[in-house]
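Peer 1: The lines below spell out each chain.
2 protein chains.
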Amino acid sequence: MRELTVDLGDRSYPIYIGSGVLEDIAAYFDRHKLSKISPLLVVTDSSVAAHHLSPVMERLQRGGYPAVSYVVPAGEASKSLAQLEGIVTAALEAGLDRKSAIIALGGGVVGDLAGFAAASFMRGIRFVQIPTTILAHDSSVGGKVGVNHPMAKNIIGAFHQPELVLYDTSTLLTLPIREVRAGLSEMIKHGLIWDEAFVAWIDEHAGELLSLDEKALEYGLYEGCKVKAIVVSQDEHENGLRAILNLGHTLGHALEAVAGYGELLHGEAISIGMVGAAKLAEDFGYASHIYTETKRIFEKFGLPVTIPSQLNTDRIIDAMMHDKKFKEGAMVYIVPTAIGKVEIRKDVTVEQIRKIIAHLKEDI
Amino acid sequence: MRELTVDLGDRSYPIYIGSGVLEDIAAYFDRHKLSKISPLLVVTDSSVAAHHLSPVMERLQRGGYPAVSYVVPAGEASKSLAQLEGIVTAALEAGLDRKSAIIALGGGVVGDLAGFAAASFMRGIRFVQIPTTILAHDSSVGGKVGVNHPMAKNIIGAFHQPELVLYDTSTLLTLPIREVRAGLSEMIKHGLIWDEAFVAWIDEHAGELLSLDEKALEYGLYEGCKVKAIVVSQDEHENGLRAILNLGHTLGHALEAVAGYGELLHGEAISIGMVGAAKLAEDFGYASHIYTETKRIFEKFGLPVTIPSQLNTDRIIDAMMHDKKFKEGAMVYIVPTAIGKVEIRKDVTVEQIRKIIAHLKEDI
Ligand SMILES: NC(=O)c1ccc[n+]([C@@H]2O[C@H](COP(=O)([O-])OP(=O)(O)OC[C@H]3O[C@@H](n4cnc5c(N)ncnc54)[C@H](O)[C@@H]3O)[C@@H](O)[C@H]2O)c1
Ligand SMILES: NC(=O)c1ccc[n+]([C@@H]2O[C@H](COP(=O)([O-])OP(=O)(O)OC[C@H]3O[C@@H](n4cnc5c(N)ncnc54)[C@H](O)[C@@H]3O)[C@@H](O)[C@H]2O)c1
Ligand SMILES: [Zn+2]
Ligand SMILES: [Zn+2]
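Each protein sequence line maps, in turn, to chains P and G. Read left to right, the first sequence gives residues 1 to 364 (the UniProt record's numbering). Read left to right, the second sequence gives residues 1 to 364 (the UniProt record's numbering).
Same shape as in the complex, but just chain P (with noise of 0.2 Å):
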């Protein structure tokens, strides 16, 4: 078991990473001193549901914990305004109060949602995550919560800290291949934004972790976090660096809104982004291995590296467009100068965008 300090003052909280955590979450619940008198939401997914939720609920009330559940459908439909409203229906069933906690077990998905009703029922309760997908290491730290709009994603949400995380990486063995390989996506954009020595780790152990070996996915996922975690420990509120993050999104963004959410899986969506941002480097002069060596590993994992010829690569420009990420007109775009390296360039023209894209296409 690893253990990883998110450092954010008196709202530091503590990741807990290894195989068989969950098994004393009433232990680490006693420890971080949730209410036993004010009930625990416990929200999921159906998916999840189906594999992890009774032991779960199972340990937490042989250990003294009133917990009750409630299980929104799978998938990104349900971060929405609509379930953010039926959780706090069941915060008011259960009887909720100001000393109660939601408990996110599931996905990026069931974090964001139910994090962001944390958040906001009674405009503010404990909350703590159970990440139980590669990807929500990354949502798992930083904070960031939030719904989507029917015209934006993550448009509507707060910064809202956990109190701990619990990782299981037991957990993870349910989780399908596709899923698997989207969350490895983002755990190889943490070695791209700030450590080589993480990249060659990843490349070397490509086959441990797609077959989900327990070791190396407990140092993967704590590396990953670490990243993370040092970027927002020195930038909360996304004023400045947290922006490195964003390393393939603007492009992945679009690309996962033109596909129609869901056709593209996230992770699989930046793993296109960030293998443009590599293309785009070339453009600014920094040498081309960027491009081939970002190109080789996402590849390596199975993951895509072009786009698909049939999304309109006007539709993609638009909705780059309408990314959050643009201040004031100004297009912000993460670009790396090495492996293991990025700088935020606040200069990328349209037109450079639209060159990238139809590289992307070609597939050379």
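Read the hints as simulated data drawn from the structure, not as lab findings. Worth double-checking, as some hints may not be accurate.
Copies of the same chain look alike in the list, so a pair counts if it fits in one copy or across any two.
Taking lysine-lysine pairs in the PhoX-like style, the calculated list, with each CA pair at most 25 Å apart, reads [as the list claims (entries may be wrong)]:
1. K153 - K99
2. K36 - K346
3. K99 - K346
4. K346 - K33
5. K300 - K361
6. K341 - K295
7. K355 - K295
8. K361 - K295
9. K99 - K33
10. K355 - K341
Keep in mind that this is a model prediction, so the values were computed, not measured.
Given chain P's structure and the hints, the job is docking chain G with the ligands onto it.
Peer 2: The following block gives chain G with the ligands in isolation, referenced to the frame of chain P:
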């Protein structure tokens, strides 16, 4: 014109109170460096829009501010997640970005709703309050924003402080008299919890206040805001002292709910609630003139001081049980100990409440 600072460290903000301050809205926005590039969204309701929207929009546009407006139906029902979604739609269509601001032009409903939209749009953008009701002198200080859930009022929300508050007493001239009385109820509350001299002043100036005399309003709103600001500064996130602002509210909220929202105005309901709290003070052995004085003042302002007999006592008590001011089963109640002084009691029993309700129904 009077100026007051709500002192909250780096979230401090000024309230400008006076007749005609809105004529200088663009100058105030200049002073507070609102963006002239990123669009502003003015949120208001249908009744306020009829009287006050056009001049505000014109002055903003003349001052070089790219402003658009969004009008919700007047009434408490607009404090909903559905209207939140509507505001976000309008914000996206208008192209708001992270440097934009949302302007609440209206009473507490618009302030709470638009404030929550500002708190959660892109996880928080700037926010300006332009209160147009007397009651809003309360809601515009303290940063509590939020919407209702069908099962509970104000249960989904955030703390989000405005950049500035522009309180133009001339907008109050179009306010229906019932709303005037209801707003003055919160002003009296601010006297009752903090400042005997202010209660005496209100008592003496009842006529001027009810007839919307500008000088009287300016002073009364200033003093009312000041009391709230002092309390809030000492306890931004409602961990202790701030509870005193709930004088009359535990019972008041229950009465609003049981009467059916909209039947009893908030200010009317808490008028009854404060008279009830004063009666409870007698029960705890405090001087009985607290009760007679409290009742006399509210009656002088034409506010209700008895519970309509058709409101079922068990349902009122039930509604109080669901109030979020119950922490882990214990009942928190604000009780006056003199005119201008209250204490936070945690030992009020259901039996005592039942007795008070019976008393308030008999009107003796
Ligand atoms: N808050 C942040 O900082 C942040 C960062 C990155 C991504 N996100 C958000 O995270 C979301 C994507 O996260 P995700 O990829 O985890 O999506 P997800 O939560 O939808 O999980 C992916 C799928 O796997 C299923 N699943 C989850 N755990 C499982 C398990 N252990 N066994 C079997 N099936 C399982 C889910 O039911 C779902 O169908 C997006 O909404 C994205 O916006 C947020
Ligand atoms: N956030 C807080 O701290 C806080 C504190 C107290 C109350 N509140 C909330 O405030 C709300 C009540 O506020 P309110 O009494 O201002 O209600 P409101 O906003 O609904 O206004 C009352 C009525 O007066 C109309 N109106 C407003 N200004 C007008 C004007 N100048 N001329 C003509 N008509 C006008 C409105 O359209 C509405 O019909 C409640 O939802 C309550 O929960 C919040
Ligand atoms: Zn991502
Ligand atoms: Zn009130």
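Peer 1: Taking the hints in turn, state whether each one holds.
Peer 2: A quick look at each hint next to the structure:
no.	hint	in the structure
1	K153 - K99	between (30 Å within a copy, 18 Å between copies)
2	K36 - K346	between (50 Å within a copy, 20 Å between copies)
3	K99 - K346	between (44 Å within a copy, 16 Å between copies)
4	K346 - K33	between (45 Å within a copy, 23 Å between copies)
5	K300 - K361	within (19 Å within a copy, 76 Å between copies)
6	K341 - K295	within (16 Å within a copy, 70 Å between copies)
7	K355 - K295	within (17 Å within a copy, 75 Å between copies)
8	K361 - K295	within (14 Å within a copy, 76 Å between copies)
9	K99 - K33	within (10 Å within a copy, 39 Å between copies)
10	K355 - K341	within (23 Å within a copy, 70 Å between copies)
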